[in-house]
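Residue strings, one per chain:
2 protein chains.
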Amino acid sequence: MKRTDRRSDCPTNFALQAFGDSWSLLVVRDLMFKGKRSFVEFAASDEHIATNILTDRLFTLRRSGIIRRDGTGRATRYSLTAKGVDLLPLMIEMIVWAARHDGRSAAPGAFVRRATRARAELLAEMRARLVLEHAAR
Amino acid sequence: MKRTDRRSDCPTNFALQAFGDSWSLLVVRDLMFKGKRSFVEFAASDEHIATNILTDRLFTLRRSGIIRRDGTGRATRYSLTAKGVDLLPLMIEMIVWAARHDGRSAAPGAFVRRATRARAELLAEMRARLVLEHAAR
Chain A
1 MKRTDRRSDC PTNFALQAFG DSWSLLVVRD LMFKGKRSFV EFAASDEHIA TNILTDRLFT
61 LRRSGIIRRD GTGRATRYSL TAKGVDLLPL MIEMIVWAAR HDGRSAAPGA FVRRATRARA
121 ELLAEMRARL VLEHAAR
Chain B
1 MKRTDRRSDC PTNFALQAFG DSWSLLVVRD LMFKGKRSFV EFAASDEHIA TNILTDRLFT
61 LRRSGIIRRD GTGRATRYSL TAKGVDLLPL MIEMIVWAAR HDGRSAAPGA FVRRATRARA
121 ELLAEMRARL VLEHAAR
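Protein sequences, first through last, are from chains A and B.
Take the first sequence: its letters are residues 1 to 137, numbered as in our numbering.
Take the second sequence: its letters are residues 1 to 137, numbered as in our numbering.
One or more hints might be untrue.
You can't tell identical chains apart in this list, so a pair holds if it fits in one copy or across any two.
[Unchecked claim] Cut-off 20 Å, straight-line C-alpha distance, at most; resulting in silico cross-link-like pairs (SDA-like, lysine to any residue):
{"no.": "1", "residue 1": "K36", "residue 2": "R127"}
{"no.": "2", "residue 1": "K36", "residue 2": "R7"}
{"no.": "3", "residue 1": "K34", "residue 2": "I49"}
{"no.": "4", "residue 1": "K36", "residue 2": "M91"}
{"no.": "5", "residue 1": "K36", "residue 2": "R119"}
{"no.": "6", "residue 1": "K83", "residue 2": "I49"}
{"no.": "7", "residue 1": "K83", "residue 2": "S45"}
{"no.": "8", "residue 1": "K34", "residue 2": "A128"}
{"no.": "9", "residue 1": "K36", "residue 2": "G109"}
{"no.": "10", "residue 1": "K36", "residue 2": "D9"}
{"no.": "11", "residue 1": "K83", "residue 2": "D46"}
{"no.": "12", "residue 1": "K83", "residue 2": "R100"}
{"no.": "13", "residue 1": "K83", "residue 2": "R104"}
{"no.": "14", "residue 1": "K36", "residue 2": "G103"}
{"no.": "15", "residue 1": "K36", "residue 2": "A120"}
{"no.": "16", "residue 1": "K36", "residue 2": "R68"}
{"no.": "17", "residue 1": "K34", "residue 2": "S105"}
{"no.": "18", "residue 1": "K83", "residue 2": "R113"}
{"no.": "19", "residue 1": "K36", "residue 2": "A118"}
{"no.": "20", "residue 1": "K36", "residue 2": "T116"}
{"no.": "21", "residue 1": "K36", "residue 2": "A110"}
These aren't lab readings, by the way, just hints derived from the structure by calculation.
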C-alpha cells in the first residue's frame, strides 16, 4: 500500500485496508482452510463471488503482500505468503466468534472446541502445515 | 441478518456479513479501544468516515446485534453488546498482525507484547472492563 493511501496509522485500519473487504478474507479462507489455489476454485465457492470482484481482490491481496501468484494462464496458482499465514490467528477467532453467535454455523464443533481449549497447539499445527503447503516466505 | 440474506453458512462468511465491511470494524475499534460512544465521536476519527456511511454501518451493527443504541437525539449513546464484546480476541489479533507487518503501526509496543506473551490475562482484563463499561448483555 502506498503511504499516501493510508486512512490512518491505526493498526486496525492498517489491517482492514490490507484485506480490502470481506471478499478478500473469503479468498484467504479458501487458501487457508479449503485447499483452493486457483481462480476457478475461488470463483466456485458457495458465496458466488463475481469474477471481476475476484480479480480485483486477488490484485489487492498481492499488492498487500498477503498472497503470491505463481505460473501463468491455466497453470496459475495462488499461495499465502508468510504475511498471509500470519492471518491464521485472526481467521480462527472469526470462526470461533461465528460458531458462538450463529445457530446455523457450518464450523465443525471439534475444531471450535480445539480452538478455544488447545489454541496454541492448534495454531502451531496449522501454521506448520500452511508453511509447508504454501512454501510461505 | 435474515436467513435469505446469507451468502453461505460458512463461519468466516457469517462473521464478515455481520461486520459489513471495514468501516464497521473501525466503529467497533472506537467503542472497544478508544472509549468513543457517540456519532459525533465516531465521525471525528482519523479515517474521516463519511456520515452517511457511518449511519449505515451503525444500523448494520445494530441489526447484527453487535452494538446497542440508548437514548435519543444528542444524548444517543452506543454500546457493545455481549456479542460485540466477543469480538475482542479478533480485534486483538488484528492489532498484533498489523504491528508485525506495518513499519509505521501506531500500536503501542507494550500492548502488542502483552497480547502475544500474556494473551489470556490481557483478554480477561479487557473483557471485564468492557462488560462493566458497556453493561454488555
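For each hint, the structure was consulted:
1. Only within a single protomer do K36 and R127 lie at most 20 Å apart by alpha-carbon distance; the minimum there is 17 Å, versus 36 Å between protomers.
2. In the homo-oligomer, the alpha carbons of K36 and R7 lie at most 20 Å apart only across protomers (18 Å), although the nearest pairing inside one protomer, at 32 Å, exceeds that limit.
3. For the homomeric pair K34 and I49, the shortest alpha-carbon distance inside one copy (16 Å) is at most 20 Å, but the shortest distance between copies (34 Å) is not.
4. Taking identical chains as interchangeable, the C-alpha atoms of K36 and M91 lie at most 20 Å apart only when both belong to the same chain, with a minimum of 16 Å there against 26 Å between chains.
5. Taking the closest pair of Cα atoms, K36 and R119 never come within 20 Å of each other, the shortest separation being 24 Å inside a single copy and 31 Å across copies.
6. For the homomeric pair K83 and I49, neither the shortest alpha-carbon distance inside one copy (24 Å) nor that between copies (27 Å) is at most 20 Å.
7. Taking the shortest alpha-carbon separations for K83 and S45, neither the intra-copy value of 23 Å nor the inter-copy value of 27 Å comes in at or below 20 Å.
8. Within a single copy, K34 and A128 get their C-alpha atoms as close as 16 Å, which meets the 20 Å cut-off; across copies the closest is 35 Å, which misses it.
9. In this homomeric assembly, K36 and G109 never come within 20 Å of each other (Cα to Cα): the closest approach is 22 Å inside a single copy and 35 Å across copies.
10. With identical chains, the CA atoms of K36 and D9 are at most 20 Å apart between copies only, with a shortest distance of 18 Å across copies and 33 Å within one.
11. Proximity of K83 to D46 under the C-alpha cut-off of 20 Å is found in neither arrangement, the shortest distances being 26 Å within a copy and 26 Å between copies.
12. In this homomeric assembly, K83 and R100 come within 20 Å of each other (Cα to Cα) only across copies, at 9 Å, whereas the closest approach inside a single copy is 27 Å.
13. Taking the shortest alpha-carbon separations for K83 and R104, only the inter-copy value of 16 Å comes in at or below 20 Å, while the best intra-copy value is 31 Å.
14. For the homomeric pair K36 and G103, neither the shortest alpha-carbon distance inside one copy (26 Å) nor that between copies (31 Å) is at most 20 Å.
15. With identical chains, the CA atoms of K36 and A120 are never at most 20 Å apart, being 25 Å at best within one copy and 33 Å at best between copies.
16. In the homo-oligomer, the alpha carbons of K36 and R68 lie at most 20 Å apart inside one protomer (13 Å), although the nearest pairing across protomers, at 38 Å, exceeds that limit.
17. In this assembly of identical chains, the alpha carbons of K34 and S105 lie at most 20 Å apart only when taken from the same copy (16 Å versus 31 Å across copies).
18. In this homomeric assembly, K83 and R113 come within 20 Å of each other (Cα to Cα) only across copies, at 18 Å, whereas the closest approach inside a single copy is 26 Å.
19. Proximity of K36 and A118 under a CA criterion of 20 Å is satisfied in neither setting, with 26 Å inside one chain copy and 34 Å between copies.
20. Taking the shortest Cα distances, K36 and T116 never come within 20 Å of each other, neither inside one copy (26 Å) nor across copies (30 Å).
21. Proximity of K36 and A110 under a CA criterion of 20 Å is satisfied in neither setting, with 22 Å inside one chain copy and 37 Å between copies.
Checked against the numbered hints listed earlier, the structure breaks hints 5, 6, 7, 9, 11, 14, 15, 19, 20 and 21; every other hint is satisfied.
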